[in-house]
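Here is how the chains run, residue by residue.
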Amino acid sequence: MAAENLMSYLQEVDLGGTFPPFVSFEEHFGVVPNLFRAQTLLPRVLECEAEFMGAVLFKDSILSRIQKECILLAVGVECQSNYCVALHYQVLRSLGVPVSRLDQIVINYRKAALSTSDAALLDFATKLAMRAPWLSREDIELLRDQGFNDESILEAILVTSLASFLCTLSTGLSPSPDFEPRVIPTSNHTSPPKAAYVGGTGGPYLRAVERSPESFPPFAIFLERFGFIPNLFRAQTLRPDVLEAEVELFGNVLGPKDVLSHMQKECILLVAAATNLNTYCVADHCEMLHIMGLSMEEADQIALDHHEADLSKETKALLDFALKLAGRRFRIRSEDIDELIGHGFTEEHILETVAVTALNNFLNTLQMGLGTTPDVKPRHVYTLKDALPTLAEEYPAEGAQIDPDASLVARVQAGDLEAFEELVIRHSRRVHRTLVGIVGNVQDAQDAFQETFLKAFRYIGSFEGRSTFSTWLLSIASNTALQCLRERKSLESFDDEDYVEEFHPRFVRAWGDNPEQLYSEAERRGLVERAVMMLPSKYRVVLVLRDIEQVSTGEAAAALNLEIPTLKSRLLRARLMLREALAPHFATSAKRMGS
Amino acid sequence: MITCSEFMDEFGDYLESEVSTKVRQQLEDHVAHCRTCQVICDSTRKTLKIVTDSGSFDLPEAALKPIVDRIMAKIRTDQGYSNSF
Chain A
1 MAAENLMSYL QEVDLGGTFP PFVSFEEHFG VVPNLFRAQT LLPRVLECEA EFMGAVLFKD
61 SILSRIQKEC ILLAVGVECQ SNYCVALHYQ VLRSLGVPVS RLDQIVINYR KAALSTSDAA
121 LLDFATKLAM RAPWLSREDI ELLRDQGFND ESILEAILVT SLASFLCTLS TGLSPSPDFE
181 PRVIPTSNHT SPPKAAYVGG TGGPYLRAVE RSPESFPPFA IFLERFGFIP NLFRAQTLRP
241 DVLEAEVELF GNVLGPKDVL SHMQKECILL VAAATNLNTY CVADHCEMLH IMGLSMEEAD
301 QIALDHHEAD LSKETKALLD FALKLAGRRF RIRSEDIDEL IGHGFTEEHI LETVAVTALN
361 NFLNTLQMGL GTTPDVKPRH VYTLKDALPT LAEEYPAEGA QIDPDASLVA RVQAGDLEAF
421 EELVIRHSRR VHRTLVGIVG NVQDAQDAFQ ETFLKAFRYI GSFEGRSTFS TWLLSIASNT
481 ALQCLRERKS LESFDDEDYV EEFHPRFVRA WGDNPEQLYS EAERRGLVER AVMMLPSKYR
541 VVLVLRDIEQ VSTGEAAAAL NLEIPTLKSR LLRARLMLRE ALAPHFATSA KRMGS
Chain B
1001 MITCSEFMDE FGDYLESEVS TKVRQQLEDH VAHCRTCQVI CDSTRKTLKI VTDSGSFDLP
1061 EAALKPIVDR IMAKIRTDQG YSNSF
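Top line first, the protein sequences correspond to chains A and B. Here the first sequence is numbered in this note's numbering, starting from 1 and rising by one per residue. Here the second sequence is numbered in this note's numbering, starting from 1001 and rising by one per residue.
Misleading hints may appear alongside valid ones.
Unchecked claim - Straight-line C-alpha distance at most 27 Å; calculated DSS-like pairs for lysine-lysine:
1. A/K257 / A/K316
2. A/K455 / B/K1065
3. A/K111 / A/K455
4. B/K1022 / B/K1046
5. B/K1074 / A/K455
6. A/K385 / A/K316
Simulated from the structure, these hints should not be mistaken for laboratory data.
Hey, can you work out the whole structure from these sequences and the hints?
In structure tokens:
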């Protein structure tokens, strides 16, 4: 695409056709991606990015370029980065990967007929990119089980961290795509289930080799600048060439103080690491700010809430922007850029802020992938409680992803029939209630019961743990029951628009304080079952799921393929109809009847 | 003061405790003055409790084993249902 079509937020400077980074990008991408054209205000940043990408992505190594580009594509999809997806899709295409395979990776890589080792690689990468604090040694072991050695796992972590870096840059700079954009599904969170919050300091997970600062220049540089060699870099010694490129990148992005000050850059790194719940990086950046002259309490306050810290309003606005960008789940709009310009920042300031934030996301991802233990004692250990409310929604609630059936499901997937029998027994009562409630009679429910479990067995190989097994099974049961109703033509109106009529209650006599005491347990059950069976099927179905099975509104809507407002309005209707049906039996002056 | 019809518009969310404090207050003010809506609100809540606690459509324990056995026998003999990955 020609440079004048560039729609980036920032202006482009002509660096000439022989600018070495551009020559390198052209050779390895087939074009100079607009993402890099959008950074021409700071050539020093481009130069080290090119070196760095050369070491991590372009250079021949254990993982193939196709494997690396697949990681970049899959992470781009997870981050909803239209720009990155279009770029890596095209690169993979030019490397000979069929379009049909690529389209499937964009929709859902798990159904793209990848080898089990490649699928495991993408499972790992997407989890590291999107749910890093939940990554543990177990995830590393899963890769080792697939034959990956420590050198190749380090590469996978580096490429995933590079993907975070590129996605953050593209969100912040908004370059127009170099190639035809692909449609990215919006709800493609493919993180594996059954993960507990780890926090990223449970390692180091990989083998490293000793290197001495006397003979290894990058370590000499760290020693000189920080006074110590951070564990994060000690953990990457299997790739000395990458360490050299990283040192260059830090030097060129963080070193100069002609645009943003060192203090501003450290503050950006601190708030961005805090929003990523990265205990290790927060501790190091607090230490750096302390060395720069802030008290530990001041540094803590910036990490906790920079609005309450003793900073200028301009710096606070800059940190707001960095925080929004680091979270990756927000869109950056041109208004955000305008606001920074309104605070007196130049385009160079903004570009450097984006680059520092992208570097932060690279570091945070890398650290959680390697699981390095802190260099200094953390003053605060980050947990899910520290997540911004908007991000907490995206993260799994503590323990919410632990599916009690996960190990049984895994055994069935490995061919163990006994494990399936256990699942049937565990869920039979629940499935039975759902089916009888929906189809409305016991005989048909028994046929649907068998059908439900046979289907579950048939498709369990493709169950991916995006929901719990229980929810997945419920959805199969509801669909089977609805199909049964359709065959009996008793559900003609199920999918129709609801005819909304005014509600006119017939029984308005009050009920006593403990109406249930009017009848025995068996009598109550009989009354309820008969009343539920009398409801029109489309109302009965929602009431059974919500009030008898007690599944959430969202789960019920998903299982029945209804919009939530439709589900809610049918549920209210069903509850009111049921109230009318039960009122003659339970209202205060009710005589015992019909029991 | 809101009308009965407005009350019914919010009633579903009210039962689910999904209304704002302000709307909740309006609904409760209405119920305090409207006998019909008060009865409907109270008896609907009681209906839900009765339904939820009723154990409706539960499968009797004795009926479970033969059904499970039948399913497992079908799976074991049915080559058509091979596990597909």
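* Hints breached by this structure -> The structure conflicts with no hint, since it agrees with every one listed earlier.
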